[in-house]
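Residue numbers (our numbering), protein chains in the order written: chain A, 1 to 267; chain B, 1 to 342.
Honestly, the hints are just simulated from the structure, not real lab data. Treat the hints with care, since some could be wrong.
[As the list claims (entries may be wrong)] Negatives, chain B to chain A, calculated, CB over 12 angstroms: (1) D87; (2) L187; (3) V237.
[As the list claims (entries may be wrong)] Between beta-carbon pairs, the in silico distance windows are: (4) A:G249 with B:S80: 26 to 36 angstroms; (5) A:G249 with B:S186: 37 to 47 angstroms; (6) B:D87 with A:G249: 21 to 31 angstroms; (7) A:V26 with B:S158: 30 to 40 angstroms; (8) A:V195 with B:Q152: 48 to 58 angstroms; (9) A:H252 with B:S186: 30 to 40 angstroms; (10) A:H2 with B:S80: 30 to 40 angstroms; (11) B:D87 with A:H252: 18 to 28 angstroms; (12) A:H2 with B:A138: 13 to 23 angstroms.
[To be verified] To spell it out: a stretch of chain A is covered by chain B in this simulated footprint if at least three of its residues, at any positions, have a beta carbon under 8 angstroms from a beta carbon of chain B; those stretches are: (13) 7-15; (14) 98-111; (15) 255-262.
Don't be surprised by glycine CBs; every beta carbon is placed ideally from N, CA and C.
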Amino acid sequence: MHRWFAVARAYSLGMLTYRTRTLVSVVSVLLAVVPVYFIAGALQPLAAKAIASESSEYFTYLIVGSVASFVIAEAVSAIPSLVNGYITSGTLEQLLTTPMRWPSLIGGLSTYGFGWVAVRALVLLVTAWIWATSTIAWPRLLEFTAIMALLGAAYLGVGLVAGALVLAVRSPLFIPQAAGTLSALLGTVYFPSSVLPPAFAPLSSWVPMTPALRAARQILLLDQPLIAVLPDLFKLVAWAALSLVVGGGCFHLALQHARRSGTLTQY
Amino acid sequence: MTASERAAITLSGVTKSFRADRGLWRRLRADPATAPRAVLDDVSLSVPRGEIFGLVGANGAGKTTLLKILSTVLLPDRGSVIVDGVDALADPARVRTRMAVVPADERALFWRISATENVRLFASLYGLTGSARDAAVADALALVGLGDVGRQQVGSFSSGMRQRTLIARALVTRPPILILDEPTRSLDPVTARELRRFIRDVLCHELGATILLATHSTEEAMQLCDRAALLVRGRVVASDTLARLHAGAGGARVRVRVDAAHEARARALLHMSVDVISAPLEGMVTLIATLPDMQHAPVVVEALVRAGVRVAEFAPVPVTLADLLESVGSAPASAREALRHA
Numbered sequence: 001m002h003r004w005f006a007v008a009r010a011y012s013l014g015m016l017t018y019r020t021r022t023l024v025s026v027v028s029v030l031l032a033v034v035p036v037y038f039i040a041g042a043l044q045p046l047a048a049k050a051i052a053s054e055s056s057e058y059f060t061y062l063i064v065g066s067v068a069s070f071v072i073a074e075a076v077s078a079i080p081s082l083v084n085g086y087i088t089s090g091t092l093e094q095l096l097t098t099p100m101r102w103p104s105l106i107g108g109l110s111t112y113g114f115g116w117v118a119v120r121a122l123v124l125l126v127t128a129w130i131w132a133t134s135t136i137a138w139p140r141l142l143e144f145t146a147i148m149a150l151l152g153a154a155y156l157g158v159g160l161v162a163g164a165l166v167l168a169v170r171s172p173l174f175i176p177q178a179a180g181t182l183s184a185l186l187g188t189v190y191f192p193s194s195v196l197p198p199a200f201a202p203l204s205s206w207v208p209m210t211p212a213l214r215a216a217r218q219i220l221l222l223d224q225p226l227i228a229v230l231p232d233l234f235k236l237v238a239w240a241a242l243s244l245v246v247g248g249g250c251f252h253l254a255l256q257h258a259r260r261s262g263t264l265t266q267y
Numbered sequence: 001m002t003a004s005e006r007a008a009i010t011l012s013g014v015t016k017s018f019r020a021d022r023g024l025w026r027r028l029r030a031d032p033a034t035a036p037r038a039v040l041d042d043v044s045l046s047v048p049r050g051e052i053f054g055l056v057g058a059n060g061a062g063k064t065t066l067l068k069i070l071s072t073v074l075l076p077d078r079g080s081v082i083v084d085g086v087d088a089l090a091d092p093a094r095v096r097t098r099m100a101v102v103p104a105d106e107r108a109l110f111w112r113i114s115a116t117e118n119v120r121l122f123a124s125l126y127g128l129t130g131s132a133r134d135a136a137v138a139d140a141l142a143l144v145g146l147g148d149v150g151r152q153q154v155g156s157f158s159s160g161m162r163q164r165t166l167i168a169r170a171l172v173t174r175p176p177i178l179i180l181d182e183p184t185r186s187l188d189p190v191t192a193r194e195l196r197r198f199i200r201d202v203l204c205h206e207l208g209a210t211i212l213l214a215t216h217s218t219e220e221a222m223q224l225c226d227r228a229a230l231l232v233r234g235r236v237v238a239s240d241t242l243a244r245l246h247a248g249a250g251g252a253r254v255r256v257r258v259d260a261a262h263e264a265r266a267r268a269l270l271h272m273s274v275d276v277i278s279a280p281l282e283g284m285v286t287l288i289a290t291l292p293d294m295q296h297a298p299v300v301v302e303a304l305v306r307a308g309v310r311v312a313e314f315a316p317v318p319v320t321l322a323d324l325l326e327s328v329g330s331a332p333a334s335a336r337e338a339l340r341h342a
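Put together the whole structure using the sequences plus the hints.
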């Protein structure tokens, strides 16, 4: 575990030197809330009934959806992006000449990204809390965070598969974009599955985002007891386990392939 | 104790091929351009403990590929690799604890953090923690002369300082085997000379490390290495002590600068193969002659002076990679010719 922390520390110290980028990132989150606030306000009368089981206010419904979007964007795209960059610089190869195993390496390199997602999510939630007419159940923040962590794990497998493809063929193909787009469309980020066309509505339940967002909103926005969201949590845990096993297996095989074919480095 | 146990590194019959183009679509179409190309062909060599062993070859000879196989990030198609008595193919994790690699590319450092943090990271990855780690980091940085600037970002360093940071990073756990991939490639001549001195005096003699050094510079190999292997297009064409390789390169070449008016007399006296004659410059002409060995040098100088030839310079000419390859004879003529003009 200390190797994981060592990589996370080194990577984070490097990233924290990008002060302007960090500031711009926070400001852009704040600015993004403004149009969401006004659009959500305008659509509130139309959306109120459809979202009632998850939120009383469309604005907070969208804010929680946005937080989940941050999480899955990081989960599906961080690993292929890091692997690609570190192959090009030779850093990946160097790190793999040490006694460290790849899960510590990937975990360490991803820690800062997920930490930064947590900061931006908190900024978003605090801004929403200030502007929203409905309340946010702050005492339930820990449970909400755990649900978001499970959501991240459920999509991390996609990131690992994309990273594996980068190792093997130097391209993640379309996997991160496809996972992000499908989840945004089918996963109730912007609208409930009830408003989807009948042909697509059943697909929504097969996207890990759907149970995660339902549980997260019921916990944070409606202050529902944990037992009320247990079925969704079980689904999410199953998704996370499956995703990590499949993604981890693919990454491991790709690493073996890269060691044979020489794609671990940029020639 | 077997020979392979006595040696720090033993390679037997190592062969490796790569696909020339790894593009997915070309591979799916089975494009002939993606056919595997041999990069290493039946490479066998043995690196004795406590020595500096040179892996000498032109660009593309397969040096870096061989180092990658040794450092366990690349698997050979065939052959065996024994590092410090451990089979690198069967137990790569153990091999990684016994050696460290100094890559040719400075970009392998984390440029946005300090040298101390870079070295600390690697110390942690090798299992050091707490005060033992901090002491090892400070020692490694002091050893390479970066003790005072350890807190500075690596991105603000010169190439020489970055190279030293890479060495400090590799040295932090004091591994018995160090692999250096063209360590002076991007350095100016003065810094390169300092680094070579450091490698020979500190790393090898003081710390007793076994060093495998890949280089395309025979000058560097001559200065540093006890032994060397010549690699040409993935094959080891010679492997011996530098003295024997040097002797095999056809004796000692000397550069003799004499008064242009005495050129004919000098050539007659030298009566040996004179390879190159420069155009007269400031009344002097330069001859490159080959002596049987450097022992003959004083006799030749004396003969020239007695004959009234004004000698402005009499100096040995470093043996080039092309000379070594020519002496080996088995290198392809085209490769020798290309190297001569490189």
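Evaluated hints:
Here D87 of chain B stays apart from chain A, with its beta-carbon at least about 15 angstroms from theirs, past the 12 angstroms limit. With a cut of 12 angstroms on Cβ distances, L187 of chain B stays outside the contact zone with chain A, its closest approach being about 18 angstroms. The Cβ of V237 of chain B sits about 23 angstroms from the closest Cβ of chain A, beyond the 12 angstroms cut-off, so the non-interface label holds. Between G249 of chain A and S80 of chain B the Cβ separation comes to about 29 angstroms, which falls inside the hinted range of 26 to 36 angstroms.
Between G249 of chain A and S186 of chain B the beta carbon distance is about 40 angstroms. The supplied range of 37 to 47 angstroms therefore holds. For the pair D87 of chain B and G249 of chain A, the beta carbons lie near 26 angstroms from each other, so the given range of 21 to 31 angstroms is met. One distance hint, 30 to 40 angstroms for the beta-carbon pair V26 of chain A and S158 of chain B, holds here, with the actual separation near 35 angstroms. For the pair V195 of chain A and Q152 of chain B, the beta carbons lie near 57 angstroms from each other, so the given range of 48 to 58 angstroms is met.
For the pair H252 of chain A and S186 of chain B, the supplied restraint of 30 to 40 angstroms holds, since their beta-carbon distance comes to about 35 angstroms. The given range of 30 to 40 angstroms is respected by H2 of chain A and S80 of chain B, whose C-beta atoms sit roughly 33 angstroms from each other. Our hint of 18 to 28 angstroms for D87 of chain B and H252 of chain A holds, since their Cβ atoms are close to 21 angstroms apart. Roughly 19 angstroms separates the CB atoms of H2 of chain A and A138 of chain B, a value that falls within the hinted 13 to 23 angstroms.
Beta-carbon proximity to chain B at under 8 angstroms applies to 7 residues in the region 7-15 of chain A; the threshold of 3 is reached and the given coverage holds. Under the rule that three or more residues need a Cβ within less than 8 angstroms of chain B, the assignment of the region 98-111 of chain A holds, with 3 such residues. Requiring three or more residues with a Cβ within less than 8 angstroms of a Cβ of chain B, the coverage given for the region 255-262 of chain A holds, as 4 such residues are present.
Checked against the numbered hints given earlier, the structure satisfies every one of them.
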